[in-house]
Amino acid sequence: MNTSTEKKLRKAVALVSGGLDSLLAAKAIQDMGVHVEGINFFTGFCVEGHTHAIRKKDRARPKRNNALWVAEQLNMKLHIIDVSEPYKDVVINPKHGYGANLNPCLDCKGFMVQKAYEWMQEHDFDFLITGEVMGQRPMSQRKETMPVVSRESGAGDLLLRPLCAKLLPETKPEREGWVNREELLDYSGRNRKPQMALAAHYGFEDYAQPAGGCCFLTDANYSSKLADLWQARGEKTYEIDDIVMLKVGRHLRPRPHFKLIIAREEGETNFLKGYRKRYISLNTISHTGPIALVDGELNEEDLDLAARLVARFSSGRDAGSVSVRVLQKDGASSTLDIIPMPPSDIPQDWYV
Amino acid sequence: MSETELDARGMLCPIPVIRTQDTVATLQAGDVLKVYCSDPGVVHDIPAWCRINGHKVISIDEGDEEILVIVEVGAD
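If you read the protein sequences in the order shown, they are chains A and B. Under the working numbering, the first sequence has 160 at position 160, and the numbering climbs by one with no breaks. Under the working numbering, the second sequence has 1051 at position 51, and the numbering climbs by one with no breaks.
Be aware that one or more of the hints could be misleading.
Only some residues are given here: those of chain A computed to face chain B with a beta carbon under 8 Å [unchecked claim]:
(1) 42
(2) 77
(3) 78
(4) 83
(5) 86
(6) 122
(7) 244
(8) 266
(9) 269
(10) 273
(11) 274
(12) 327
Honestly, the hints are just simulated from the structure, not real lab data. Where a beta carbon is used, it is the ideal one built from N, C-alpha and C, also for glycine.
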């Protein structure tokens, strides 16, 4: 039988984005003798990985999954969970609306905390922690919205935010003495100097820089492509392939019922080639040039227009005639000889 | 001890890591998992995931268009 003097090892699950704040929050709780494991969610909109893996110019960059890097720094297990399917509802129907772009930050935070809370219960952990800092983000990390996340996620006072806990009401882990409130922090605002100083104190270097966040939905160009996709389909739906595709290539919509995804360089060409059984594709054969995928249905006139556009981005852009191969999804191919479209004939609003 | 194959070709990170994680969860210590991938990010990500979760990367074979990562499941 356990004696009352024996202290139970408490377990916390930390939401790990791969950024500095979640690293520091998990470290602070680890240092209080709590067993911490990380959880990282894959939504499909994560900036990590995808485009770096596709674009040839980025291949020389050191590739690192920052969430895994954080876990290694803390000698902590990390569970990466694919939530891309249930996350669709967050993106499509955000109860609290969007931010400056199609970023549903408050709904997103509530969703992730809810998923982490469910995981916590399933795995017999005691509480969960995030790297949130009061006032750091305009939607999800405000004094007014932090209780909303705690409440709507179901986590309630089992959600501890170590970096700003002293500015918030006491949570159960503090009340029960699982962590020491006095050792928690009172960070607020967008100034990141305190976090950087704490990172230096712990000896962390080479952590991910926070600028731009970790989600494509905060990016204006990306959001505009997603909005275009929804408008063209007449409904707010997407599949994972759609949202990956929005990160790749140059997108032109010359007609409401179709758009072209034109590779910008060799890495993207190689990537798009993998989709030739799912999309009609075009590429120039008389001249070097990129591959283009067609999203939508084409009639004969559309096909000619598409071929002329693709030729404009080939080395034959100034040629009198360029041969373009059209490859159907079933492998059937045909060739069109066309005159490349002059750049001045391409309206700016065709560029999505 | 069993040998299992996972086809993660055409998938971009972190999906190959997630598929590796989910498959390893169904295996026993000492079992071997061969992961076929195309995203060069796996060369860093799968070993990092193995290190923090107590598994061993036996080999990484990088071909022109395909990468084979062989993992031995550790005891948890």
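Structure-based check of all given hints:
Hint status for residue 42 (chain A): holds, given a least beta-carbon distance of 6 Å to chain B, under 8 Å. At a threshold of 8 Å, the smallest CB-CB gap from residue 77 (chain A) to chain B is about 6 Å, leaving the interface hint in force. Annotation: residue 78 (chain A) was flagged as interfacial toward chain B, and the flag holds, the nearest CB pair being 6 Å apart, inside 8 Å. Interface restraint check: residue 83 (chain A) against chain B, minimum CB-CB distance 10 Å, threshold 8 Å, status violated.
A hinted interface residue such as residue 86 (chain A) counts as satisfied when its beta carbon comes closer than 8 Å to some beta carbon of chain B; here the least separation is about 15 Å, so the hint is violated. Here the hint on residue 122 (chain A) is broken, as its CB sits about 13 Å from the closest CB of chain B, past 8 Å. For residue 244 (chain A), the interface hint holds, since its Cβ comes within 8 Å of a Cβ in chain B; the closest pair sits about 7 Å apart. The restraint placing residue 266 (chain A) at the interface with chain B is violated, with a minimum CB-CB distance near 14 Å, outside the 8 Å limit.
Given hint, residue 269 (chain A) at the interface with chain B, is violated; its Cβ is 14 Å from that chain's nearest Cβ, farther than 8 Å. With its C-beta approaching chain B no nearer than about 11 Å, residue 273 (chain A) sits outside the 8 Å limit, and its interface hint is violated. Given hint, residue 274 (chain A) at the interface with chain B, holds; its Cβ is 6 Å from that chain's nearest Cβ, closer than 8 Å. Taking 8 Å as the C-beta contact cut-off toward chain B, the hint placing residue 327 (chain A) at the interface is violated, the least distance being around 18 Å.
The earlier numbered hints that this structure contradicts are 4, 5, 6, 8, 9, 10, 12.
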